[in-house]
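Asks: Chains A and B are the protein sequences, given in the same order. 193 is the number of the first residue of the first sequence in the working numbering; add one for each residue after it. 20 is the number of the first residue of the second sequence in the working numbering; add one for each residue after it.
Among the hints, erroneous ones may be present.
If the Cβ cut is set under 10 Å, some of the chain B residues that face chain A in the computed set are [claimed, not checked]: (1) M20; (2) R55; (3) F59; (4) D111.
When the alpha-carbon atoms are kept at most 16 Å apart in a straight line, the in silico EDC-like pairs for lysine to aspartate or glutamate are as follows [unchecked claim]: (5) A:K268 <-> A:E236; (6) A:K211 <-> A:E196; (7) A:K211 <-> B:D75; (8) A:K211 <-> B:E66; (9) A:K268 <-> A:D240; (10) A:K211 <-> A:E222; (11) A:K211 <-> B:E92; (12) A:K211 <-> B:E88; (13) A:K268 <-> A:D254; (14) A:K211 <-> A:E255; (15) A:K268 <-> A:E196.
Short derived list, chain B residues pointing at chain A, Cβ under 7 Å [claimed, not checked]: (16) H34; (17) H39; (18) T70; (19) L80; (20) Y106; (21) S108; (22) Y114; (23) S126; (24) T133; (25) F135; (26) T146.
It should be emphasised that the hints constitute simulated quantities derived from the structure, not laboratory data. Cβ atoms here follow ideal geometry from the backbone N, Cα and C, with glycine treated the same way.
Here's the letter readout for the chains.
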Amino acid sequence: MAIEVRIPTILRTYTGGAKSVEGSGATLAELFGDLDARHSGLRERLVDDSGLRRFVNVYLNDEDVRFLGGLETPVKDGDTVTVLPAVAGGQR
Amino acid sequence: MLTIAPELHAEIVAHARADHPDEACGIIAGPVGSDRPERFVPMLNAERSPTFYRFDSTEQLRVWREMDERDEEPVVIYHSHTATEAYPSRTDISYASEPGAHYVLVSTREPDETEFRSFRIAGGAVTEEEVRIAAGAAGPGPE
Chain A
193 MAIEVRIPTI LRTYTGGAKS VEGSGATLAE LFGDLDARHS GLRERLVDDS GLRRFVNVYL
253 NDEDVRFLGG LETPVKDGDT VTVLPAVAGG QR
Chain B
20 MLTIAPELHA EIVAHARADH PDEACGIIAG PVGSDRPERF VPMLNAERSP TFYRFDSTEQ
80 LRVWREMDER DEEPVVIYHS HTATEAYPSR TDISYASEPG AHYVLVSTRE PDETEFRSFR
140 IAGGAVTEEE VRIAAGAAGP GPE
């Protein structure tokens, strides 16, 4: 068992085109670190120095992790993490 | 070029008018790879703001999963500007993450006339494209 991570089209250049990849870790931060070992560059598209990038939404199962513990959210085998690009903008 | 059925064009304009002076946003889904906008999905603007919009993240996950199950993708991603022209702002460009989508902008700044324009946004570059409103283009209802 592992944690399934679903990757949006825009980031599949980092996964060789794969729609989902597997990883492990006790928290989301560890999971992203683990993924980056095999999919170099992916982590930097998801997080910056201040935490999750505002351009992406990350979900643990059905919950936006911003409403859970952010990068410190605990994850476990059998979970599904979904990454989607945030859709946003404005007049300026 | 964006080819869109008149009913779908009217739905976008009606949504933008209904939410004015806040920005309205949503998508039109269509079969993957078809470039045919078919299924109108208005989205909540989680910001409820006259100057910003952001899809509600929980609703977005539900809609994106539904598209996955139906082999669809967001063919059109639309939002309104309520006091400025229908042209992508710097913020719009920095967030644009679907190089294959038609980014539709409508402006509701004039009460009697709704500007409706379509753009491709890829790698920070904006390219305006022609909009063809065509009866008989894929849309709701019978062919």
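Asks: Which of the stated hints cannot be reconciled with the structure, identified by number in ascending sequence?
Replies: 1, 2, 3, 5, 7, 8, 9, 10, 14, 16, 17, 20, 23, 24, 25 and 26
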